[in-house]
Amino acid sequence: MKSSESTLVHEEAGSPVTRERKTVESARTKGLSRKAKDNLAGYLFISPWIIGFLGLTLGPLLFSLAASFTDYNITSKMNFIGLENYKRMFTMDDLFRTSLFNTIYYVIFSVPLTTAGAILLAVLLNHKIKGMKFFRTIYYLPAVLSGVAVYFLWMQLLSPSTGLVNTMLGWVGIDGPAWLFDPEWTKPALLLMKMWSVGGGMLLYLAIMQGVSTQMYEAADIEGASPWQKFYHITLPMISPIIFFDVITSTIGAFQIFQEAYVMTENGSGGPGNSLLFYNLHMWNNAFEVFDMGYASAMAWLLFIIVMILTAVNMKLGKRWVHYEGGNGK
Amino acid sequence: MKRGLALILTAFMIIGLLAGCSGEQSAEAEKTKDGKVIVDFWTFWGSETRRPIIEKIIDDYNNSQDKVFVKHTFLPWGDIWTKNLASVAAGNPADVIVNDINTVAQRAENKQVEDLSQYIDDSFKQKFYPHLWETVEYDGKSYAVPFNTDTRLLFYNKTAFKEAGLDPEKPPATWAELEEYAKKLDSKNGDRYERVGFYPLWGSVGASSWMTNADNGNGFIEDGELTINTPKKVEALNWILDWKERLGEKTVQAFQAEFGSEQANPFIAGKVAMWVDVGTFYTQLRDYGQDVDFGVAPIPANEEGSGNWAEGGGFVVEIPKGADHPEEAMDFIEYLTDVEAQKYWAVKNYDNVANVKAAEAALNELEGPDKLVYEATVKNLEQTKMFPVPVEYPDYHSRLNPHIDNALLGKTTPEKALKQAEEDIEKMKK
Chain A
1 MKSSESTLVH EEAGSPVTRE RKTVESARTK GLSRKAKDNL AGYLFISPWI IGFLGLTLGP
61 LLFSLAASFT DYNITSKMNF IGLENYKRMF TMDDLFRTSL FNTIYYVIFS VPLTTAGAIL
121 LAVLLNHKIK GMKFFRTIYY LPAVLSGVAV YFLWMQLLSP STGLVNTMLG WVGIDGPAWL
181 FDPEWTKPAL LLMKMWSVGG GMLLYLAIMQ GVSTQMYEAA DIEGASPWQK FYHITLPMIS
241 PIIFFDVITS TIGAFQIFQE AYVMTENGSG GPGNSLLFYN LHMWNNAFEV FDMGYASAMA
301 WLLFIIVMIL TAVNMKLGKR WVHYEGGNGK
Chain B
1 MKRGLALILT AFMIIGLLAG CSGEQSAEAE KTKDGKVIVD FWTFWGSETR RPIIEKIIDD
61 YNNSQDKVFV KHTFLPWGDI WTKNLASVAA GNPADVIVND INTVAQRAEN KQVEDLSQYI
121 DDSFKQKFYP HLWETVEYDG KSYAVPFNTD TRLLFYNKTA FKEAGLDPEK PPATWAELEE
181 YAKKLDSKNG DRYERVGFYP LWGSVGASSW MTNADNGNGF IEDGELTINT PKKVEALNWI
241 LDWKERLGEK TVQAFQAEFG SEQANPFIAG KVAMWVDVGT FYTQLRDYGQ DVDFGVAPIP
301 ANEEGSGNWA EGGGFVVEIP KGADHPEEAM DFIEYLTDVE AQKYWAVKNY DNVANVKAAE
361 AALNELEGPD KLVYEATVKN LEQTKMFPVP VEYPDYHSRL NPHIDNALLG KTTPEKALKQ
421 AEEDIEKMKK
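Chains as they are written, first to last, in my numbering: chain A, 1 to 330; chain B, 1 to 430.
In case anyone wonders, no lab produced these hints; they're calculated from the structure. Note that this is a predicted model, so its numbers are computed, not measured. Ideal Cβ positions, reconstructed from N, Cα and C, are used throughout, including at glycine. Possibly wrong hints are sitting among the right ones.
Stated by the list, open to error - Short, incomplete list of chain B residues facing chain A, as computed with Cβ under 8 Å:
#  : residue
1  : 82
2  : 87
3  : 88
4  : 89
5  : 254
6  : 395
7  : 401
8  : 409
9  : 422
10 : 424
11 : 427
Stated by the list, open to error - Computed cross-link-like contacts, EDC-like style, restricted to lysine to aspartate or glutamate with a CA-CA straight-line distance of at most 16 Å:
#  : chain 1 : residue 1 : chain 2 : residue 2
12 : B       : 429       : A       : 175
13 : B       : 244       : B       : 291
14 : B       : 244       : B       : 405
15 : B       : 250       : A       : 182
16 : B       : 141       : B       : 167
17 : B       : 430       : A       : 175
18 : B       : 250       : A       : 175
The shape of chain A in the complex, shown without the other chains:
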């Protein structure tokens, strides 16, 4: 015991896990009463959270897992039907396929576009020019606004004949599409809307860019590096941890797209020809329109598995390109 403890302390002194272990161990050696009481008080203090977690998060989570194998309809039925719900997704429910396709389409385009957009914006806003604070505020503002009001604003901006977007396209001689009324253009319309609010990600990038040591840029200047080379060889590696974080969180977020389609399509139906029927919207319809909670639970768990696998892949790939300054990232 002693030797292992000392190596641990030696290796990672200061990490909270180790410290806790140390106190537990020493409590055992010194006699339980005082430390045990301390621990008990600690557990009691966090117990509201633990109870909340067990009752409001873990409980429902496990319940929905169980429900996914039943025909649960909230009020009367809960018969075990095995993998029937999962089978139904792949064999019978063509709206499931549509919704999965729509969601993946959205993820594939929105994640790279918003990430690149946020980085580009951050690079532009990272210059020391007079009045820059003003522009930083302006570009960040859309991230502050949120929710239904913004969707309504965009519905007006995207209006085919009177909307600002098509009016502006008209100035340069482009006959704009009908956006939310045309199934070919509904998803691009949402992407356009998403691009408008990249300010949130931009702020993260800007923060870490400000922390990049100027010495490196000065050194690069002396070597005669071009702006692009400086960006590619200095800025990009230095901000890669944030890119990594941003890609993972926005992938998860994009998979959960719901509100936009629910608000911006007629009766939350998923738009013309189901072109905006996203996975979560289809799941919501099953749960709260038809009250087929068992099937909706199964859909939720499948989404969970998809997102988990993708995150794991991201983590694995991340090791290749994420650069942690002064450490291996652990």
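Given chain A's structure and the hints, the job is docking chain B onto it.
Frame of chain A, contents of chain B only:
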């Protein structure tokens, strides 16, 4: 000492948290101070116009007897039914709730509503329009009482009729006339339409209404049989596509994107000359379109004599499964659906009520255009069809609508779309 205090505090926090879970039930008193049973009544009627009307009815009921006290709870549209279901599942529902008329059977099947048969006899049933009463019956039992309904009419602009050289007292009676009139009523400035005579998908009407109208009033599922891919329904979709082609996609979209309600309603603003909407659209005309000289008529028939079929909706009042005071609740429901309360609702809202005598009594009280429109809607109930969702096909709409969308967007032909829709829906039969 400090630690002891911390322990006590934490203990209190836990107790508080647990108490929070069960607090709701004990907080809701079952009786008023003077011993009346409290009946909780959930509606979505919270608007400035509707709330005072329903609350007056509730007050009248509360003052009429000394056993029951009805408490009105307003829940927003969309939340009310989800919340109802959650409360049924939790075993603590409202006593009376307003719910959708077309899905009573679903709720009966899923044991979400109380069976009201023991309170209902034939003389009670006969107070209501038969086509409405049908919607509340399931497996030979009654699960709700119809409250109100609606029907669709053709509103037309008489001034525009005169301008176009049409007789303002002679609205179109058939689809062919509708087309002929519409062309005359179109008014263009160069390539741009200033006024569109008519477009079948504008107003409170959709492709499904026209398909039903064409098909002798038959819906998509009749007596358990799928009647989606019928020649008349295909014809109706083709007919709608013809309109779209004539006006042009751009015109349709441009108009549609600018539609609003009240002053911005295209019929009120004079941008569209003929418009299908529910009877209560009249209140908008009255309040925001004083200058509009309008007439009302039944929706034109597909061919002469094939019927002016319109689609209807509406609401019922019912007792959620597990309610505490079903007897008292039923007493209130009887009051709510009886002549006096229903007449008051009809006169104030121009809404079609389910009680036949109340509808007739309301007619006698109304005058002028109020009466004109209300009379037309009451008369139209005879040709109004309800389409309750069959329990075997609980979400057939979500399968059908995309196929209709695709046909209207020109991605496929109406023939193929309806064939595919019928196959898809056949597959999901429960």
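Hint check:
Among the interface hints, the one on residue 82 (chain B) holds; its C-beta lies about 5 Å from the nearest C-beta in chain A, closer than the 8 Å criterion. The interface hint given for residue 87 (chain B) is broken, as the beta carbon of that residue sits about 10 Å from the closest beta carbon of chain A, more than 8 Å. A least Cβ separation of about 5 Å between residue 88 (chain B) and chain A falls short of the 8 Å threshold, and the interface hint therefore holds. With its C-beta approaching chain A no nearer than about 5 Å, residue 89 (chain B) sits inside the 8 Å limit, and its interface hint holds.
The restraint placing residue 254 (chain B) at the interface with chain A holds, with a minimum CB-CB distance near 4 Å, inside the 8 Å limit. Checking residue 395 (chain B) against chain A by beta carbon gives a least distance of about 5 Å; that is within 8 Å, so the hint holds. With a cut of 8 Å, the hint placing residue 401 (chain B) at the interface with chain A holds, because the nearest CB-to-CB distance is about 7 Å. Contact between residue 409 (chain B) and chain A, as hinted, is supported at the beta carbon level, the nearest pair being about 6 Å apart and thus within 8 Å.
With a cut of 8 Å, the hint placing residue 422 (chain B) at the interface with chain A is violated, because the nearest CB-to-CB distance is about 14 Å. Given hint, residue 424 (chain B) at the interface with chain A, holds; its Cβ is 7 Å from that chain's nearest Cβ, closer than 8 Å. A cut of 8 Å between beta carbons decides the hint on residue 427 (chain B): the least distance to chain A is about 6 Å, and the hint holds. A hinted pair counts as satisfied when its Cα atoms are at most 16 Å apart, and residue 429 (chain B) with residue 175 (chain A) does not qualify at roughly 45 Å.
Under the criterion of a C-alpha separation no larger than 16 Å, the hint pairing residue 244 (chain B) with residue 291 (chain B) is inconsistent with the structure, at around 30 Å. Using a Cα cut-off of 16 Å, the hinted pair residue 244 (chain B) and residue 405 (chain B) holds, with the two alpha carbons roughly 13 Å apart. With a CA separation close to 11 Å, the supplied pair residue 250 (chain B) and residue 182 (chain A) stays within the 16 Å bound. Taking the CA atoms of residue 141 (chain B) and residue 167 (chain B), the gap is about 50 Å. The hint is violated against a cut of 16 Å.
With a C-alpha separation of about 47 Å, the suggested pairing of residue 430 (chain B) with residue 175 (chain A) is violated against the 16 Å cut-off. Note on residue 250 (chain B) and residue 175 (chain A): the hinted pairing holds, with a Cα-Cα distance of about 11 Å set against a maximum of 16 Å.
Checked against the numbered hints given earlier, the structure breaks hints 2, 9, 12, 13, 16 and 17 and satisfies all the rest.
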